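Using the sequences provided together with the hints, build the complete structure.
2 protein chains.
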Amino acid sequence: MQFRFLFHALSLLILITGISMALPLLAAFIYGEADGKAFLISLVISLVTGGLIYFFTREPNREITHKEGFAIVGLGWIVVALFGSLPYVFSGVFNSFTDAYFEAVSGFTTTGSTVLTSIESMSHSILLWRSFTQWFGGMGIILLSIAILPLLGVGGMQLYKAEVPGPATDKLKPRIGETAKLLWKVYLLFTFIEFILLRAGGMSFYDAICHSFTTMATGGFSTKNVSVESFGSAYIEVVITIFMLLAGANFALHYQMLTGRLKASLKDNELRFYLAVIAISTFFIFINLSSTTDYGLWKSLRLSTFQVVSIITTTGYSSADFEQWSEFAKYFIFILMFVGGCAGSTGGGMKMLRIFLLLKQGYRELYRLIHPHAVVHVKFNNQKVSSDIMDSIWGFFSLYMFLFVIAALIMSLLGMDMISAVTSVATSMGNVGPGLGTVGPYDNFSHLPTTGKWVLTSCMILGRLEIYTLLVLFLPEYWEK
Amino acid sequence: MQFRFLFHALSLLILITGISMALPLLAAFIYGEADGKAFLISLVISLVTGGLIYFFTREPNREITHKEGFAIVGLGWIVVALFGSLPYVFSGVFNSFTDAYFEAVSGFTTTGSTVLTSIESMSHSILLWRSFTQWFGGMGIILLSIAILPLLGVGGMQLYKAEVPGPATDKLKPRIGETAKLLWKVYLLFTFIEFILLRAGGMSFYDAICHSFTTMATGGFSTKNVSVESFGSAYIEVVITIFMLLAGANFALHYQMLTGRLKASLKDNELRFYLAVIAISTFFIFINLSSTTDYGLWKSLRLSTFQVVSIITTTGYSSADFEQWSEFAKYFIFILMFVGGCAGSTGGGMKMLRIFLLLKQGYRELYRLIHPHAVVHVKFNNQKVSSDIMDSIWGFFSLYMFLFVIAALIMSLLGMDMISAVTSVATSMGNVGPGLGTVGPYDNFSHLPTTGKWVLTSCMILGRLEIYTLLVLFLPEYWEK
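These protein sequence lines are chains B and Z, in that order.
So the numbering used here is basically just the index in the first sequence, starting at one, shifted up by 294.
So the numbering used here is basically just the index in the second sequence, starting at one, shifted up by 294.
In case anyone wonders, no lab produced these hints; they're calculated from the structure.
Identical chains share a label here; the pair holds if one copy fits it or two copies do between them.
Here are the simulated BS3-like pairs of lysine-lysine, each with C-alpha atoms no more than 27 Å apart in a straight line:
(1) 654 / 673
(2) 678 / 654
(3) 557 / 475
(4) 518 / 331
(5) 361 / 654
Please read all numbers here as calculations on a predicted model, not as lab measurements.
Spelled out as structure tokens, the structure:
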């Protein structure tokens with residue numbers, strides 16, 4: 295392990311985090327808010343700490359290996375959230391560091407669970423920072439899932455290797471940098487268009503910025519206590535739905551589409567599966583809502599579409615208190631928390647790609663029972679999926695389920711009822727946001743015991759880093775020479 | 295598909311079912327019960343129907359193929375339960391055929407869920423038949439899991455191929471017959487010893503027969519409303535615990551042990567994993583019970599051991615109303631419903647063998663991230679597990695989870711609350727017996743809507759036949775030439 299290089303990379307992340315605090319600082323200045331002081335202190339601490347580490351770890355560039363890659367990614371989120379939580383600490387928004395760190399991790403991992411009990415009583419600068427942490431985290435995730443994880447060989451994204459824009463080189467650094475720049479442009483473009491469209495729908499300048507940030511990151515932090523419901527506008531819900539859909543799809547495909555290869559991208563297996571799952575889920579919840587509530591057809595359609603897209607893409611906005619819906623609808627929403635968006639999106643969960651391939655192999659095994667000697671390959675986009683990739687996806691699936699079960703056991707041990715325990719873990723690991731029971735869409739996570747908050751904080755990071763990337767750091771073999 | 299052969303095999307099963315009704319008929323005669331008439335009618339119908347089909351499908355023996363194998367196994371349980379439900383129908387115990395069939399399937403699949411609202415008000419002959427259906431089903435399962443499924447190539451049992459007693463021939467029929475006879479002797483022996491030990495503990499002759507039947511089958515039907523708690527005897531609980539443990543272990547290993555290869559059997563990876571999971575689970579539930587209830591240490595230990603073994607082996611007896619335990623204990627028990635006993639036991643669930651291999655591969659994938667070029671094989675009993683077997687286990691896992699989710703969605707759609715919906719499906723697919731919520735250990739399944747009962751009936755059969763064996767019959771490819 296080249297610790298010098300690791301610290302160097304982390305110092306860069308700390309510096310960027312510090313610099314980005316200039317945005318809420320500006321907001322505090324404009325709105326004349328006292329929280330500006332907290333941002334100024336945090337900014338200075340971050341810049342000084344980051345600067346010092348940067349200075350002491352300066353050295354000629356060296357090619358990094360897998361090991362440094364995992365360490366930078368794994369520790370990166372943890373360290374960024376640490377410095378990103380400073381404004382919450384200094385502004386006195388929370389009583390404890392636990393709460394401040396929970397909120398910061400929920401931001402940078404684009405989860406959207408909150409320990410704030412009253413969102414609307416917060417200052418503009420604090421809420422802007424909250425939204426910005428998600429948007430910033432979203433940039434990291436695009437970079438991670440499209441540029442870094444495939445090269446590190448993590449769970450399935452290798453399938454898209456050929457589609458990823460950027461120079462065709464095996465050297466890790468230049469490729470990552472180029473890819474990131476291209477995809478971030480797409481991300482920025484979408485955010486900007488959403489902002490314009492939200493403004494056109496009458497949303498305030500400030501709310502439009504915050505919601506564009508958290509939609510594109512599939513984060514789901516809102517500036518309102520009752521989330522998107524507070525705007526009461528079908529137009530705004532439609533705009534947000536469309537951009538959640540975009541954010542939950544693969545950004546490498548978006549890049550393809552924007553550069554004129556629309557037809558090829560629309561044939562992508564994962565994209566089609568994603569849209570099919572959304573259509574089917576919406577259909578069932580729509581039927582269920584229209585027959586078990588007094589919403590009527592139109593409102594049932596509107597609410598079911600918005601909620602399904604919000605949960606599947608792991609955004610976590612709500613346009614209604616779905617805690618009040620039927621057991622069927624609630625259970626369905628719970629299941630969707632595991633599914634997640636497409637690989638290479640800002641969405642969390644297990645990802646469409648993996649679910650798609652798992653189901654395909656389940657079917658293949660059935661088929662092989664009838665034709666034991668037939669050679670049948672699982673295919674993705676007409677290409678044979680290697681058994682190495684399938685193994686890595688299966689391993690991901692079993693670790694995900696295993697950790698989910700263990701974490702939910704711990705939550706229930708802390709005295710949470712079963713539904714709240716299970717859904718709080720599912721929503722954290724899937725980076726969704728709201729759960730059910732005492733952590734429903736219009737509740738919050740502040741009443742959880744401290745240990746529980748740390749368990750969920752770990753789940754958010756684990757889920758965001760596709761389990762493997764963080765877990766690998768805990769293997770003794772990782773630290774061997 | 296050689297339909298003649300299929301019907302011939304099914305007719306044999308019907309005849310055996312009919313003949314075995316002589317047992318409850320005898321009981322009705324001894325106890326002077328009116329239900330004897332129902333058994334007589336059912337016996338005659340079964341013998342006549344079975345006899346006619348047998349007569350019309352007589353033909354020289356032919357070697358059967360995979361296709362007939364799947365059809366016999368898949369339809370076998372359905373047909374046997376159909377004839378086995380006749381006594382319930384004719385005795386008027388249930389108001390509907392749905393209930394009668396539910397109870398019969400719950401018996402033959404050794405599940406143990408019941409639609410009886412008051413068990414103790416039933417006649418001796420009916421309760422004996424109920425217990426016997428489980429014991430009879432248990433014989434079928436040993437045959438299925440050790441002799442048939444490995445040859446059909448279903449999910450993992452191939453690993454034990456070499457250990458299975460019987461002639462080393464590739465011809466399906468003689469091998470199956472020989473293996474079955476050897477293992478059934480073990481089954482019979484254990485049942486008999488348990489009967490003696492239960493009698494020695496003061497249990498009545500009748501109760502001892504019924505409970506020996508349902509212990510060895512890991513079935514869990516009891517003659518009492520409050521199951522094993524009603525005996526209030528630590529001795530009886532210990533005896534039953536030991537025999538549940540035996541019944542949940544691989545019968546091929548038991549055969550090995552009894553024929554003098556004790557040392558080798560005790561080294562079996564699955565057996566060790568099985569005992570380790572039980573020890574760990576008991577430990578946690580024991581600690582939890584002793585700190586959240588007023589049971590005290592000794593009673594907490596007694597109740598936790600019994601309940602963990604009962605659920606893991608998928609027997610489903612209870613020695614306390616665990617519905618009243620903490621959320622942690624209940625959730626833990628719920629998770630154990632998925633795990634199940636060892637492959638080659640009468641237990642249901644996913645089986646220890648599979649869980650063991652899934653976790654091993656999860657770990658291997660982590661390891662491979664650090665050493666991308668290392669060739670690491672998943673091993674079982676020091677032997678490399680082929681990727682074909684791993685694929686088939688993964689396929690099993692994903693189909694199991696997928697069907698679980700879908701079935702629970704249907705149950706919640708029928709208006710059940712989430713906990714009852716989810717646990718009723720888990721307990722049915724795992725062939726356990728009791729669930730939580732409205733289908734807890736001291737509740738029953740009679741209040742479910744008719745559709746719900748049929749969903750759970752299907753789940754019991756699906757789980758019992760290791761998903762694949764039944765599902766394969768629904769593939770269009772299966773019926774192609």
